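Protein chains in written order, with my numbering: chain A, 1 to 356; chain B, 1 to 266.
Possibly wrong hints are sitting among the right ones.
Taking CB as the label site, the calculated pair distances span [claimed, not checked]:
1. A:G245 x B:D90: 19 to 25 Å
2. B:H149 x A:F188: 24 to 30 Å
3. B:H180 x A:R170: 25 to 31 Å
4. A:L42 x B:R87: 31 to 37 Å
5. A:L181 x B:D182: 23 to 29 Å
6. B:G133 x A:L139: 52 to 58 Å
7. A:F188 x B:Q168: 57 to 63 Å
8. A:A177 x B:G229: 53 to 59 Å
9. A:F188 x B:D90: 50 to 56 Å
10. B:D90 x A:S193: 51 to 57 Å
11. B:D90 x A:A177: 41 to 47 Å
Which stretches of chain B does chain A cover? Using the computed rule of at least three CB atoms under 8 Å from a CB of chain A, they are [unchecked claim]:
12. 63-73
13. 90-100
The set of hints was computed from the structure by calculation and includes no laboratory data.
Just so we're clear, the structure is a prediction, and the values are computed from it rather than from any experiment.
Every residue gets a Cβ at the ideal spot worked out from N, C-alpha and C, and that includes glycine.
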Amino acid sequence: MTTTAAPPAAPGAPAPELRRSGARTTAWITVMAAVLAASITLAVTIGSADLHPLDVWRSIGDHLGLSSSSLSQLRDGIVWELRLPRVLTAAAVGAALAVCGAVMQTLTRNPLADPYLLGLSSGASVGAVAVLILGIGRLGLPVAAFAGALLALLVTFALANRRGELAPTRTVLAGLAVSYLCSAATSFIIFWSATGDSYREILSWLLGSLGGTSWSDAAIVWVAVAVVGAVLVSRARTLDAFAFGDSTASTLGINVNATRWTLLTLVALLTGAAVAVSGAIGFVGLMLPHAVRFVVGSGHRRVLPLAALAGASFMIWADTLARTLFDPRELPVGVVTAFLGAPAFAVLLRRRRVGR
Amino acid sequence: MTVLDTPVIRTDAGSDAPSLSVADISWSAEGRLIVDGVGLTVAPGTMTGLLGPNGSGKSSLLRAVAGTYRPDGGRVLLGGADLGSMRRRDRARRVAVVEQESTTDVPLQVLDVVLLGRTPHRASAADEELALGALDTVGMRDLADRDWHTLSGGERQRVHLARAITQQPELLLLDEPTNHLDIHYQLALLTFVRSLGVTTLAALHDLNLAAAYCDQVVVLAGGRVAAAGAPSEVLVPDVVRSVFGVDADIHLNPRTGRPVLTFSPL
Chain A
1 MTTTAAPPAA PGAPAPELRR SGARTTAWIT VMAAVLAASI TLAVTIGSAD
51 LHPLDVWRSI GDHLGLSSSS LSQLRDGIVW ELRLPRVLTA AAVGAALAVC
101 GAVMQTLTRN PLADPYLLGL SSGASVGAVA VLILGIGRLG LPVAAFAGAL
151 LALLVTFALA NRRGELAPTR TVLAGLAVSY LCSAATSFII FWSATGDSYR
201 EILSWLLGSL GGTSWSDAAI VWVAVAVVGA VLVSRARTLD AFAFGDSTAS
251 TLGINVNATR WTLLTLVALL TGAAVAVSGA IGFVGLMLPH AVRFVVGSGH
301 RRVLPLAALA GASFMIWADT LARTLFDPRE LPVGVVTAFL GAPAFAVLLR
351 RRRVGR
Chain B
1 MTVLDTPVIR TDAGSDAPSL SVADISWSAE GRLIVDGVGL TVAPGTMTGL
51 LGPNGSGKSS LLRAVAGTYR PDGGRVLLGG ADLGSMRRRD RARRVAVVEQ
101 ESTTDVPLQV LDVVLLGRTP HRASAADEEL ALGALDTVGM RDLADRDWHT
151 LSGGERQRVH LARAITQQPE LLLLDEPTNH LDIHYQLALL TFVRSLGVTT
201 LAALHDLNLA AAYCDQVVVL AGGRVAAAGA PSEVLVPDVV RSVFGVDADI
251 HLNPRTGRPV LTFSPL
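Go ahead and model the full structure; you've got the sequences and the hints to work with.
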């Protein structure tokens, strides 16, 4: 990163080259998109069965009717049925959580905000698990997860609110309380109803798992990311205006409360879609937005697309580690993200600016 | 920057500026009346200082005028248009506000902050030029790519002023803009504001700054107008004693002929 020091103030000197220039952002987006494409390709080849990166594209080409290669049915099956849906789901979940975290941090002016820490993910888990038990079916799952996330958000804010203000630390504590309650509820429901391996089931909802994800899972999260992400990017300037707080945003022409609740509802929707297919995965939404802001500044037109791309690649590799580290046993992916994310959380916590 | 030039310079830029007329504004919080039927008028392109002890309702009145607070009663007219019935965004195109020590946690460059002033307007390719011009006005163009968090308090206030200028307002509302600034920046900031020729209402703590820079002062006490008029008429010992509870002696600034007050306990 080029943190250009202030040049000596010479009157009439040309304006210094600005970090915010569009070319720089375009370059970053291009690089991160290439990293994502490479990550998808490579992650599919990793695991048992010796696959070549080209096999991945052959299989994709065959299924899209663009080519007809002599890829064996077994290999094609591993790529198309087993690994590609999982890798693509991981990418979409990572993108969704990173975008959710970025928007929540802005709207609550809280650097510690993310769907996991404020209880949305756990709330979504309860909703999803309840629907699974009732057997309403696959489409009810994201809807129930959304409802759970929204409810958890409302309770967290109600607990944290004091005289209309959401102090960062109090908000995180409120989120923690909601999160514990929802995790307990999730565990209870599963334990009460399950006949088989309930511990494994509980773990995958509380710590996240992308095991056994299908094309329909991938579709749910990709559609959610594309639609909600597009709406959020279209509101980038509005999000920027929150930087100096509610009252400044208001004098810039923003209807602060209506905007906040509309956009947080969208965040709950996106969280619900992600949790419905992967369980509650922590720290992705916390870390990635900060990392992206560190590189390109805070403008949401830059931050949101880059956070999505970075989150997607990050989650692909976290999940690849989760499924290969103790092969054939699988680690919940949330364990990997927590190992990487908890130190980042600690650093943020120690920074004076978080305060109160 | 030549801030010590004689501060009272009339510019003719304000010739097509609208006047502000506040009529019978009231606002209460938690059942307590904070602003109690205030009325005042600011002539086009002039600067009015809002004075008064702590808790007299200066900031609340500014917020009611800005529309941040919805007043319980009364009207705010800018050039004849009712600000209270306007859509928030339309109002933000006409009224810019600089608040006390407003800051942020996120990494932002100076130019990013100034560009926030374009939020209520349609995005345009000329925005950046406009923002750089505003930074020029406050003498900070060379700091356009500096990180906000590296700026001093005085520089931050000037950036906020540049942001407000970039908003291209017809009315500028300032809440204690010189708070915590050293004397150099206090004079510099108010000189910049005056040179804009925009109709301005500013809450000020320092009676001498108000006397030196304002065309008119309005003194609030207990949410009501205690006195209003030209600084030399309003800032007299009787008013200062009854509103602030101190004795005052009035002198004349030998350079500007404006009143200078010195204070003694009663």
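Each hint tested on the structure:
About 22 Å separates the C-beta atoms of A:G245 and B:D90, a value consistent with the hinted range of 19 to 25 Å. The hinted range of 24 to 30 Å is not satisfied by B:H149 and A:F188, whose Cβ atoms lie roughly 46 Å apart. A beta carbon spacing of about 27 Å between B:H180 and A:R170 agrees with the range 25 to 31 Å that was offered as a hint. Between A:L42 and B:R87 the beta carbons are some 51 Å apart, a value that contradicts the proposed interval 31 to 37 Å.
Our hint of 23 to 29 Å for A:L181 and B:D182 is violated, since their Cβ atoms are close to 52 Å apart. The hint said 52 to 58 Å for the Cβ distance between B:G133 and A:L139, and at roughly 55 Å that hint holds. Taken as a hint, the range 57 to 63 Å holds for the pair A:F188 and B:Q168, whose Cβ atoms sit roughly 59 Å apart. A hinted range of 53 to 59 Å holds for the C-beta pair A:A177 and B:G229, which are about 57 Å apart.
Distance hint check for A:F188 and B:D90: the Cβ-Cβ separation is about 53 Å, which falls inside the suggested range of 50 to 56 Å. Taken as a hint, the range 51 to 57 Å holds for the pair B:D90 and A:S193, whose Cβ atoms sit roughly 56 Å apart. Against the hinted window of 41 to 47 Å, the Cβ-Cβ separation of B:D90 and A:A177 comes to about 42 Å, which satisfies the hint. Using a Cβ-Cβ cut-off of 8 Å, 4 residues of the stretch 63-73 of chain B lie near chain A, which meets the minimum of three, so the contact claim holds.
Coverage of a stretch by a chain is defined here by at least three residues with a beta carbon nearer than 8 Å to that chain's beta carbons; for the stretch 90-100 of chain B and chain A the count is 8, and the condition holds.
Hint violations for this structure: numbers 2, 4 and 5, all remaining hints satisfied.
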